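Protein chains in written order, with our numbering: chain P, 11 to 290; chain C, 11 to 290.
No lab work stands behind these hints, which were simulated from the structure alone.
Computed from a prediction, not measured in an experiment: that's the story for all the values here.
Cβ atoms here follow ideal geometry from the backbone N, Cα and C, with glycine treated the same way.
Just to be clear, a hint being listed does not mean it is correct.
To be verified - Just the calculated beta-carbon pair ranges, DEER-fashion: (1) P/Ala134 / C/Gly271: 23 to 31 Å; (2) P/Ala134 / C/Leu248: 36 to 44 Å; (3) P/Val272 / C/Ser206: 48 to 56 Å.
Claimed, not checked - From chain C, some residues computed to sit far from chain P (all C-beta separations above 10 Å): (4) Glu44; (5) Ala51; (6) Lys67; (7) Pro82; (8) Glu129; (9) Glu159.
As a plain string of letters, each chain reads:
Protein chains: 2
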Amino acid sequence: MNIGIVGLGLIGGSLGLDLRRQGYRVLGLSRRPETCRAAIARGVVDDADVNFTLMAKAKVIFICTPLSAILPTVEQLIPFLAADTVLTDVGSVKTPVVEAITPLWHNFVGGHPMAGKTESGLDAAQANLFLGQPYVITPLATTPVTAVESVEFLVKALGAKLYHCSPQAHDRAVAWISHLPVMVSAALISACMSESNPLVLSLAQHIASSGFRDTSRVGGGNPELGVMMARYNRQELLRTLKSYRQQLDFFIDCIEKEEWGVLEEKLMQTQQARPDFLDS
Amino acid sequence: MNIGIVGLGLIGGSLGLDLRRQGYRVLGLSRRPETCRAAIARGVVDDADVNFTLMAKAKVIFICTPLSAILPTVEQLIPFLAADTVLTDVGSVKTPVVEAITPLWHNFVGGHPMAGKTESGLDAAQANLFLGQPYVITPLATTPVTAVESVEFLVKALGAKLYHCSPQAHDRAVAWISHLPVMVSAALISACMSESNPLVLSLAQHIASSGFRDTSRVGGGNPELGVMMARYNRQELLRTLKSYRQQLDFFIDCIEKEEWGVLEEKLMQTQQARPDFLDS
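In isolation and in its complexed conformation, chain P is listed as follows:
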């Protein structure tokens, strides 16, 4: 069976490596001829082209472009597809993608592999990137069962942990655990930068250690990615940010009023709750 991959970066490239090892013939598409050549040379794909015609032969196509390119890519792709071709994407926000593409292509299943690393691009692609990692798919009630089953089958073959939910539930969940932490962490760096006494700022910079390193990591990440999260998941992110601000005010209030018992109770709750988010 032929599988198409549009966009040969970290995710597209890693999918290619795994799916070829499963015995599928993998066809790649990139805007850049040198990426096509590199993908063939690295064994990420069997064939690759800058031209959409290659995708006519694929039964299932993974759209692995950045979020903002998913819709225009699908619009360009559609004229080349057989009617039963299954499309799926790997975007990190699902509601706007699913709402835009479903009217254009019936056999579309929204997807989000929760795998990643700091590096991006084809050079960072690796086998088993998805192994043991969550992979959320967000079919609608109207999505054809055959399309859903095709995507599920491939996701399971990657060794990923498959989750199903609505696009809205997905976007709300990633707002909590992925997009909110970026803003919370970036605001921490911004706040530290605002220290007006240069001696204190310099001392803080020199004595910062693992606590600061970890809490500030995602806030010091790729700015474009941060903006994209906020743009595409604006409503859910704002909802979580406002809930976060209430919690922050609770902590400020406790400390202002010296309610140490209340603060300790709260910190006991957070200590107890954290492992529930990390034992997946």
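Starting from the known structure of chain P, fit chain C onto it as the hints suggest.
Structure of chain C alone, referenced to chain P:
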């Protein structure tokens, strides 16, 4: 030369291991006889006792108790000391400690080794814990130079990076890079816990990965320690929390108004600023 260590936990025990290797005779004090025996058996100290009389022989004494026990410990210790004995502590907040002890003991130098690990207690003590780590000392203008020099000499022998500043500058700097991150991170966990849809909460728990893990780490730590930071460094922590809240509001405002250029500019600043806090 005899060096005293009062409180044989992670910090006291690790100091003992390093100072004995430097050739000092290390005398330990713990409230628990079994800790004294264990410290001798592990080679952390040359001798140890539950009785303060042992400290009469020490030239320099490190007070390595929890913050709240520093003042009562020094009060109990003073009747046993020779007038030229140098006292220093390892508490993570300096203003209240220095203000309370300086009137009681002239030869006192506040100190704070910025070394630690998740485990605590004597069993976690290790050689070279301070090697390459910041060690801040906070002498006052009135602190005898000989006392400051004694502590400096020992700190340098540990291989630590020595910093000097006022107790106030220290407390402001640690509020930014250590105490504020705890509250910011705990509020993140609290906010996630507040999700009212159980399906979304469960999905969030299952798909949370390294971004959430890192940002939530210090907020899921020891509750007693968190309360102690807030109690002893209340004023500086509140100051940083309020500045943080302003920054958070800036992010919320950008996203609400869809000012994506402004948000990207801000995230570029945080990306650029973060390494300045981590290259010490």
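How the hints compare with the structure:
no., hint, in the structure
1, P/Ala134 / C/Gly271: 23 to 31 Å, "holds (28 Å)"
2, P/Ala134 / C/Leu248: 36 to 44 Å, "holds (43 Å)"
3, P/Val272 / C/Ser206: 48 to 56 Å, "violated (22 Å)"
4, Glu44, "holds (28 Å)"
5, Ala51, "holds (30 Å)"
6, Lys67, "holds (33 Å)"
7, Pro82, "holds (18 Å)"
8, Glu129, "holds (14 Å)"
9, Glu159, "holds (21 Å)"
When each numbered hint is compared with the structure, a violation occurs for hint 3 only.
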